[in-house]
Structure formats: C-alpha cells, structure tokens
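Engineer: These are the residues of each chain, in order.
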Amino acid sequence: MSANGTITQTLREAAAQVLSEEKVGVVIGYGRDDGQEFSTPVFLRKAEEVKRLVFDDLCFGNLAVYLPRPEIRKMGKTGIVVKGCDLRAVNVLLRENVIKREDVLLIGVRCGGVGQPQLPKCSVCELHDPGGCDVVVGEAIEQQEVKAEQRYTEAGKIEAKPAEHRWEFWQKQLSKCIRCYACRQVCPLCYCKRCIIEKSTPQWVQTSPHLRGNLAWNVTRALHLTGRCVGCGECERVCPMDIPLGAINQKMAKVVDERFGFRSGFSAQEEAPFTTFSTEDSEEGIL
Amino acid sequence: MSEEKQNQSEKSQWQPRIVAFLCNWCSYAGADLAGMSRRGYPAAIKVIRVPCSGKVDPMFVLKSFERGADMVLVSGCHPGDCHYTSGNYHARRKLLAFRELLDFFGIDQRRFKISWVSAAEGAKWSSLVKEITAEAQALGPFKTFATMLQGEPS
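First to last, the sequence lines map onto chains A and B. Residue 322 in my numbering is what sits at position 279 of the first sequence, and the numbering runs on without skipping anything. Residue 197 in my numbering is what sits at position 153 of the second sequence, and the numbering runs on without skipping anything.
Because the hints were derived from the structure by calculation, they are not lab data. Each statement offered as a hint is correct.
Computed footprint of chain A on chain B; a stretch qualifies when at least three of its residues, placed anywhere within it, have a C-beta under 8 Å from a C-beta of chain A:
no.	region
1	104–114
2	136–144
3	158–167
4	183–192
Ideal Cβ placement from N, Cα and C applies to all residues, glycine included.
Take these sequences, add in the hints, and give me the full structure.
Structural biologist: Take a look at the structure:
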C-alpha cells in the first residue's frame, strides 16, 4: 500500500512556487540521493533546486526539529514539509512560543504512512490530513477511526508485566544506553539551549554510561516531555542501542490522557497539562 | 541461631533512611509544632526544607534514592492552602505522574510518599512519620538503587 507515490511532483511545484515568489527564504523537505537507504533532510534556497525534493514511504524524519535553530531562523521565513505527525510537533512549538506562525510556511502532505514495513505509529495515525497548513498536497486519504485502546499498545505490553519483571526489563534496556543523546538531538521538542544534563553545579545526572545515570537521564527526558511529546517516534528510531524509548513516551502520553484528558499537538492553542492545574485533580495516593 | 531468626534480628536493628522534603509554610511548621508539643516521632526521617512542594523536582527524589534513601516523602500544604496559591496543585500533577513513571520502570512506588500536612497538624505529622517509618522498616533496605551502584565508576 502506498498512497505516497504521486505526491513528489505536486510537492516540487508547490515548493518552486513559494521559493520563486520569495514567500520563504528556505524550504526544508526530504531528498534522496542514489544509494541512500532512506530520505534525508534537504534545505532548498532556490526554485531551481526543487528537483532534489521527494516524498515517498521512506520520509520518516520529523523536520520540525530544525525550526527552532538559529541558523535556520537566519534564512528568513521557513517553508517546511510536514506530515500530519510532524504537524503535531509544529503545533507544540507554536504553543510554546518557540516559533511564530508568521515565520513559518507549512507545506502539508497528505501521508498514508511511511516505512517499509509501515511504522507502527502510522497504523494508528489520526492525522493523515494535516489541517491548518498554508499549502496541502496529495490526494485525500480516508481517515480511519482509531480507538483509545489502540493508542498505547506498546506501553500496555510492558505494563502487563509484573513489577519485578518490568525492572528487570528496563535494567537490561537502560544498561545498553551509551549516552550519545541522539534521542535528544533528534527530538523537535528538546530545544533547550542548555540541557540539564550539561549542568554540573550541581550535577543532577551522572554522565558516565552506567545504569544509575542512564536511569536518571531517561526518567528526566521522559518527564521533560510529559504532556509535550507528540509520539513521532524519532528518538526510538535513531537510538543506536535500540532502547524502546517510544514505550516510555507512550506511557507518559497515556498518563496525561487518562488523568487530564490531554493529547499533545492537536492544536497550537491548547494549554499543556504541566503549565496549568485543576482543583479537581486526583488525590489518589496522597497521604 | 537459625538463619531466619538472625535475619529478623538484623532487620530490627536496621534503621531506614527517609528523606523528607517539607514545604516552608505548612509541613515544616507542622513538624515544628509536633516538636514543640512534645510529640515524638522516629529519627529515621531527615528533613529538608524547601520553599514549596511545587519546588520539588522529581530529580530531587531520584538523587535521594541514588544517595541511599530507603524512602522519600514530599509534603506540602493542603490543596487550596498554598502560600503561593497554586504550587501544591502543580506538585500534585507532576509528582503523581512521576510516581506512575517509577511504577512503569518497575521501581517500588511505596518508596515514594506524598502527603499534605498543615502548620496546625503536628499530631498528623507525628503519626504520619511513625506510620511510614514502620512501613519502611517492614519493606527493608531499598535494594533497587543499592545494587545499581555496584561496579559504578567513582
């Protein structure tokens, strides 16, 4: 199944138009040179360059990660190719005032799912059609209904284990971590100029790749993304040690969904669960 | 002495280490009141005064465990009574979500307590500390983090 086959041509036309009309200083999209296993980001400054642009089943990356970067901001208004899932990340960046809506031009693609075989997140995609973009390319895709219990299956599998097995499992997984911080670098929402991990007075998280620091790092990462993570799954994809980071993020997404009825990234106006509170919040487990 | 009995006697001599983060305005004053009204409570608890329960970052809790705490308590003003209006409401959201994450990792969530103690509740503070100290005693040393330290580069 590939609904993404014919998009490339219309996408190139759309990008050429906004570049030649000088509506944007740069278009960030996907490109693939011969021999590349999957599509990688390309940065187009001129309309003639649009032939480098592609859109297909191998455009996994979440390009929103480039939006807050100063070197991109310097290029002027940014045109960016977004799938529905990437749009959620853009919405969070807008909500957190990291970027301004007038500084970006969103080129949405109607995406039927990426990956060969298709990524698990695509089978429960709720945003085949990215709403609120300036330009949308691709044919309409029928939106299937996704039930609440389908959203958190990865986290659910781990939750189903008894506590001691969970700890055994995570101990094994987190021991593998080499602290390369690829998960942080690829995350569109980890945009802090100075990460807590680099602060050394006091040093909250041990930086040597040992279980103690690895646990602290992964707990910290998960908590800093709670109520913000949009589940794009990039952290897990880039992890060189194949740690199931997606399951951790999914668990926290489930927590905010169940506790506060909140799901991140569906609107740029929403209020994040940890920036607000309700007097009606659960008191369960408090002495 | 049988091995079981020996274990039991070791357990009864062993004292848990409980780290408590108390908010300046309610819980710390409550603990103070317990002292002033001569209500005893176990010395296993080590109190750290923080401006507000909302100040407590989950990293404080993790760090306490890493440094050998057998239990961590965070205590603040009752909902609605926060000196800063809403600090404890924020703490409630944040810390309960953190507790769920600990549980997801398979870390015993009974080791992490949250409570509301007002400045007038010296009696509640005293009985609360007795209660959680007994629980920590029954749970025994917190091995999850202790075993993690083995083989650690210093």
